[in-house]
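Visitor: Turn these sequences into a full structure, and let the hints guide you.
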Amino acid sequence: MSYIPHTDQEVKQMLKDIGVCSLDELFKDIPPQYQPASFNLPEGRSEFEVYEHLKRLADKNAASLVNFLGCGFYDHNIPAVVDALAGRAEFYTAYTPYQPECSQGTLQAIYEYQSAICLLTDMEVANASLYDGGTALYEAGMMALRITGRNKILIDGGVNPIYRRIMYTYTTNLSIDFVEIPVSHGQSTREEIYKHLDDKTAAVILQNPNFFGAIDDHSDIIKRVHQAGALAIESVYPVSLGMLKTPGNMDADIVTGEGQSLGLPLSFGGSYLGFLATRKKHVRKMPGRIVGETADKRGNRAFVLTLQAREQHIRREKATSNICSNESLCALKAIIYLSVLGKQGLVDLARLNFDKAEFAKDTLARIKGVEVKRSSPTFNEFTVCLPRDSREIVASMIERGFNPGLPLGKYYEDMKNYLLVCVTERRTKEEIVRYAENLEAVLWN
Amino acid sequence: MSYIPHTDQEVKQMLKDIGVCSLDELFKDIPPQYQPASFNLPEGRSEFEVYEHLKRLADKNAASLVNFLGCGFYDHNIPAVVDALAGRAEFYTAYTPYQPECSQGTLQAIYEYQSAICLLTDMEVANASLYDGGTALYEAGMMALRITGRNKILIDGGVNPIYRRIMYTYTTNLSIDFVEIPVSHGQSTREEIYKHLDDKTAAVILQNPNFFGAIDDHSDIIKRVHQAGALAIESVYPVSLGMLKTPGNMDADIVTGEGQSLGLPLSFGGSYLGFLATRKKHVRKMPGRIVGETADKRGNRAFVLTLQAREQHIRREKATSNICSNESLCALKAIIYLSVLGKQGLVDLARLNFDKAEFAKDTLARIKGVEVKRSSPTFNEFTVCLPRDSREIVASMIERGFNPGLPLGKYYEDMKNYLLVCVTERRTKEEIVRYAENLEAVLWN
Amino acid sequence: MELIFEESVRGRKGLRLPKCDVPQAKDISGRYKREKPAQLPEVSELDVVRHFTRLSRMNFSVDTHFYPLGSCTMKYNPKFTENIAKLTGFSQLHPLLPQLLLGGMLTQGALEVLYNVERLLVEITGMTEVTTEPLAGAHGELTGMMLIAAYHRDKGSRKKYVIVPDSSHGTNPASAAIAGYQTISIPTDKNGVMDFKEYKNKLNSEVAGLMLTCPNTVGIFNSQIKEICSLAHRNDALVYYDGANLNAILGKVRPGDIGFDIVHLNLHKTFATPHGSGGPGSGPVGVRKDLTQFLPVPKVIKRPDGTYALEENRQKSIGRIASFYGNFDVLLKTYAYILLLGKTGLIEVSEKAVLNANYIAVKLKKYYDLAYDRICMHECVFSATRQLANGVHALDIAKALIDRGFHPPTIYFPLIVKEAMMIEPTESESKHSLDRFIAAMRGIAELSQNNPEVVKSAPLNTAVSRPDETKAARELNLRWIA
Amino acid sequence: MELIFEESVRGRKGLRLPKCDVPQAKDISGRYKREKPAQLPEVSELDVVRHFTRLSRMNFSVDTHFYPLGSCTMKYNPKFTENIAKLTGFSQLHPLLPQLLLGGMLTQGALEVLYNVERLLVEITGMTEVTTEPLAGAHGELTGMMLIAAYHRDKGSRKKYVIVPDSSHGTNPASAAIAGYQTISIPTDKNGVMDFKEYKNKLNSEVAGLMLTCPNTVGIFNSQIKEICSLAHRNDALVYYDGANLNAILGKVRPGDIGFDIVHLNLHKTFATPHGSGGPGSGPVGVRKDLTQFLPVPKVIKRPDGTYALEENRQKSIGRIASFYGNFDVLLKTYAYILLLGKTGLIEVSEKAVLNANYIAVKLKKYYDLAYDRICMHECVFSATRQLANGVHALDIAKALIDRGFHPPTIYFPLIVKEAMMIEPTESESKHSLDRFIAAMRGIAELSQNNPEVVKSAPLNTAVSRPDETKAARELNLRWIA
Ligand SMILES: Cc1ncc(COP(=O)(O)O)c(C=O)c1O
Ligand SMILES: Cc1ncc(COP(=O)(O)O)c(C=O)c1O
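Protein chains in written order, with this note's numbering: chain A, 1 to 445; chain B, 446 to 890; chain C, 891 to 1372; chain D, 1373 to 1854.
Honestly, the hints are just simulated from the structure, not real lab data.
If you're wondering where the values come from, they're calculated on a predicted model, not measured in any experiment.
There may be inaccurate statements among the hints.
Computed list of lysine-lysine pairs in DSBU-like fashion (alpha-carbon distance at most 35 Å, straight line) [to be verified]:
| hint | chain 1 | residue 1 | chain 2 | residue 2 |
| --- | --- | --- | --- | --- |
| 1 | A | Lys16 | D | Lys1737 |
| 2 | B | Lys597 | B | Lys763 |
| 3 | B | Lys818 | B | Lys763 |
| 4 | D | Lys1408 | A | Lys318 |
| 5 | B | Lys597 | C | Lys1253 |
| 6 | A | Lys429 | A | Lys368 |
| 7 | C | Lys926 | B | Lys725 |
Guide: As structure tokens, this is what we get:
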């Protein structure tokens, strides 16, 4: 069994047809002294036993904590159609659509996904997906180096610290001048950016809303960036684009983001979806697969992978990226999600997130000793300053059934007492109020 | 919304095209005085809210009790392929396959299902499904009346009491002579049957294994039944047919059963699957839909609903049954289940059930005061006699996390201390041992 | 395509079973044992997956095609309801658990669902109580007939007849007959409703009941329903409402308010549970107050303390009509659907269903003869008489529609309309979708005029075309033989 | 087919959102706000369902077609693993939870999965430690290159070159280049393996590493691997194992035992997780003992008390290569797959995968030229040179296969074989399935001989045929515009 159909009879027949006497003979290129030193694996089990084992492990996780944790990875509702459709075997058991005639379903869906990403961000072209939001940002940085021929990158301290660490990791071995614009108590200043912006700068990387949830209009910064001959890279949170000024409208050159909020479950960190959009003029420098529309030999609309000359399987060491498998199925989920949500739905959803978060701010602000930061408008995530180290408070809240947010001390030394709180449309008023009551109890009982 | 696509604009246009001014005008055949006295329903909610509500209700049910309850409805493993395939929208969002050209998928699957039922039971023809095991047995009884032109039915007391109540219910208004063969402490005798068997008898209804789990060979009874010019109806448990003598081999005339054990979840009683098989000579008296193979106009193999002249949509009051919608999707699940289980798989599965139940018998027999009934061989269900009323013992076992079986006093007055225990392949040795330990504790602590 | 049995290879296995963790037991005697294993398929899991996936692709379905099959209400089946039925708190629950001591308290969620569904259906129909047990519409009808019999029996009478209009669905007379009644058929008048005079004539004290579909199967709401019901009641006959067409009148009229005594609903029609290629369905039955005593058991009740329990003994109950509480998974989906749509949503359903049907009627009536040319409810019925002049039957039009990517309308029914094409678009379909269908129908009408042979040769684009039904019935081949 | 955007009707809505249960908040300043809503589709849920269901039906896939795409290991993806990934205890878990105080104890199940997967992959590869973080094979390669750089950096050197055979997959040189290395390409000898002499010649002290696929991309296991590795080590170059072809050698040989320093696996190939139309994948990387210090963080560790925790600080770690712990759902499915098959099952996988490939090779070599006529491993590579004589390219053969219901082999790769057709049947396919494919290939070979034009006009049975790729690249149309 083990999903292998061969009967003994068939194996015999096949060996005979091949002209060998045993299966071992087929492996004769492997010298006997290459035998595994060990191969100590458990013996197989039935799917029912394996399922029970994994069910037990799943039940050990407190996935049902009431979630106020975000940090770029959000607990949104996922309409049932998303999985019902992406769960069609013709999608999930297919490979990359190299053969257009038997892959039009995937190709058209990805073309639609690209279109939706462009519409969301107000950009001109988007690729077929990248691994996740963090690696997408790294790819955007590399792309800017290629476009500008420069080798300095400024990255705002308000960019997700996880992404910043990823950027560092990938560039360690390259000779890139990497400058981080410091933040002080969750605030970075334009002056700091301008101070470092020069004619060696390939790109300035910004995030909106930033890691603290703060909303900004980066148009003025981007203007200065362009004056310096550099590119502006924006990392965005797609759901917020139902409400917020678009990076395209701010004149960004490359936009990336984490697509998890577009219909993907949190799933302990993956599979997620990196998206990347840019201006048409940069398309040949863009990493990743791209689907284009064309006509077939009968003149019918047809979709194909295009601009493959940028890619590793053609260009090898000269490719714009090494990416091969991407996150196609996640992109499919995203376009299904955006389709069923629709034009007005995205607007309403963004509003719902905003309203809930504002309500949470007001509710938390009423607790003694809790200071809700209001220096900038926020979308669905915001910082509160607590009277003591937020790390222990978080532990107490977890005990009370909440996943209460991120203690910021881990990433920002001057913010030990701060907590980053996220409120999506999934949180009810009642849950928000209970959260506040419990927080108060933790602080003062 | 509410799954209605119409925009206001479209509604206006459509009304105009129809030539009316308002939607109300379309309802003008309903006199105003027919207005609903009330229509007090809650306002609509999103799928997310409804899901949360139902999740909460689901969580209130102790579905995870370790299950030793059977009684014709069994806790078997269901391979994941069953739902993955039956969950294909082309199957579950289609209707009855009236139009063969666009329903070959369903038609072929049902033909295969019919074949599998015939193979399982060793009968010649089977229908496309009936509602459940109980109504299938009733339909078999009706069929026997039609075939023999007689009006007396004998039903063994070892037939599932739920089915017997169904039979009574349906025949109350008909002039049928209904005789129940009594059982005493779970045993009925052939003599009792023969006593009532006469030339008015249309059918004798038997069950194997019977409600107490006891296995029998009914060949001798059936011979006598045939000598009396009556038909033998057997109600069977399909999984047991991996091991037990088939009703066909016993020379039964009509075979029915509950198909739930063939890949359907317990699901609090439905949807289930009634199957019915018989001899070819009775096919025109058989209730329910039937799929047949034929050739299309190009000579290709094709499947169609056939012998429709028996059915209500053609024959109206003269039809062999009033059934219209049946349990098609459940039949599909059954054929998928039987296909992946396969020839040897069914044999092995039956053996596994048998072995586990025998182990449970031995284990329980070691408890002081517990008497395991061994007068007949059993398959995966058996009776034990406890030192006191089994009803309270059941309650204590439920408190300890077991669904321990059925107290037989409810259906058999002389069996107040008896418990009907079922052990399927899902129960592990460890669970069986724990069950015994707990039972002992309940009895003696 | 090959049968799954024909794909067998001797010795091939599909599924790995759990290892046996107990000692092998002593075998039973040979006389109890099966002689040869059943010749089930010997295939791999991938064989099974490919086989049934391919089969699925040979079907039309709501998710792939417009499916205006009259009387079947092939509306969109919301995906989220599928997830609800899969919640293990429901799907793994043994139905006998609440019948055990203490088990009721451990199945409160499931019992509450049953209770709530019943209450919602009570409000929707205007009846007093509902049983969720019947497993399909026809099963509801049979239950209804047994209730009628119980009612009369309780009064010491045993009436003989049940009246059904000739437009009624085949299950109606069949259910009445199976319950032990003789049927009296009433013709349909030229307006498409039951001939009132004929009805009056046939009504007598031996009539136990009357079965009506409303709107009826030609899509027309009979404005005289109340009078019809009163007349029946005056003869101590009960009036049964076949609720297959409830989709037309949600929130517009309730059978309970206008004189119906017993009602069944087809949850798989009105309440959007999937038809599953022909089932499972669900056909709850509602009754007026004085009939509640006859309803089948067990029934869910709500106790004063707010908990739910099963009532198993109702003295005059007709008994048990199914193994348990109905097709529970279908009831779950119905419950979820009603909660999602709510009052406003349900009313909108009927309004848009009726709008769509009338739109099609108006747009096609120049091309096909309407059986009854008037405002219709949720479906409209055409007759292909005009096309028949060129030798084109409703069946041919149906096959031509298949070629064009539409599931055909119902054509085997209603029997009173010659060459009937019964079109029920449902509220789920957009104007765009209707317009495409209308264009196809118009195209076929023109082709029937100009080139009828082409229509009669349809379908061309399908794997099989016009299977030989006579051969199927004569040379019975109903199963694979090894 | 219409785009989902083209199906939009102004004002149409698909999804009902939860009602807002909090007061509406004061708006933010207009300068922060979007000017016009994004022109997302305005469609109903049914529109969405039909659209994507129809799209799905335009794909070939493992579940519908034999898919012998070389180098991609398109084996059967067991259905039960999908259910495991959907368990809410996993799917709803926030990845940052274990990084909070106390959160680790509330994610023990997920951490244990990661730990166990790592241990299983360690045993399968013979490496010392594995990181599950890389999100695909190429991502693993890049991680590997960074590990190589870290190793040399730690020794104070910064070498310049990475050696790749010319048969290597495109991701290999691309990954090396992106990590900052220049690549040296080594030709393939006439036996289909890396030219040993050339390799020796090119190796020098500036070479940081060597990347090998083994068996390589023409399906051949290089019996000199150990020597190759030793030679590299003598130059302090590390040897990287591209594990895309691990399906050939499970339990037969382990990269860790024969000298490889770093290994990536493609879980979406060898371990049966679905390819998802091109992802998500998963490309865990294993290393030998002295390289473990460089592995990315966070890493799951098992504490002496048996609990699991995240190690976030590993001093010499290269850092973070992805947001979290890898594509967790893919890891889950891999874990389930390995547990199901177990030791014997995994060995059988390789044996039957190799058997199938050799069977095809033998059965087709009379009709097509084998690139290397010898016993192969899990895949065999043909060249359509013979057919080219009649003007028939590998591409044409591919298209002709589509018409016959088979997904074509890989034809764009390996670049070193002219008109390559790289066939990887995998172990999931039955002899029957192979025989059907072989018959189709033979038929096409004959047709190429007798009637090449027919082959060149394929495919005929598909919705589109031979899309114009030049036009696509010249007249870029990469998105819908309103
Ligand atoms: C008018 C009418 N009544 C009754 C029925 C029978 O319903 P079911 O198929 O659920 O038994 C139908 C089904 O088509 C119908 O259309
Ligand atoms: C030999 C080889 N190496 C590497 C890769 C890249 O793997 P991935 O697509 O997972 O990035 C592939 C994928 O086809 C491959 O075949």
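Visitor: Against the structure shown, which of the earlier numbered hints fail to hold, in ascending order?
Guide: 3, 4 and 5
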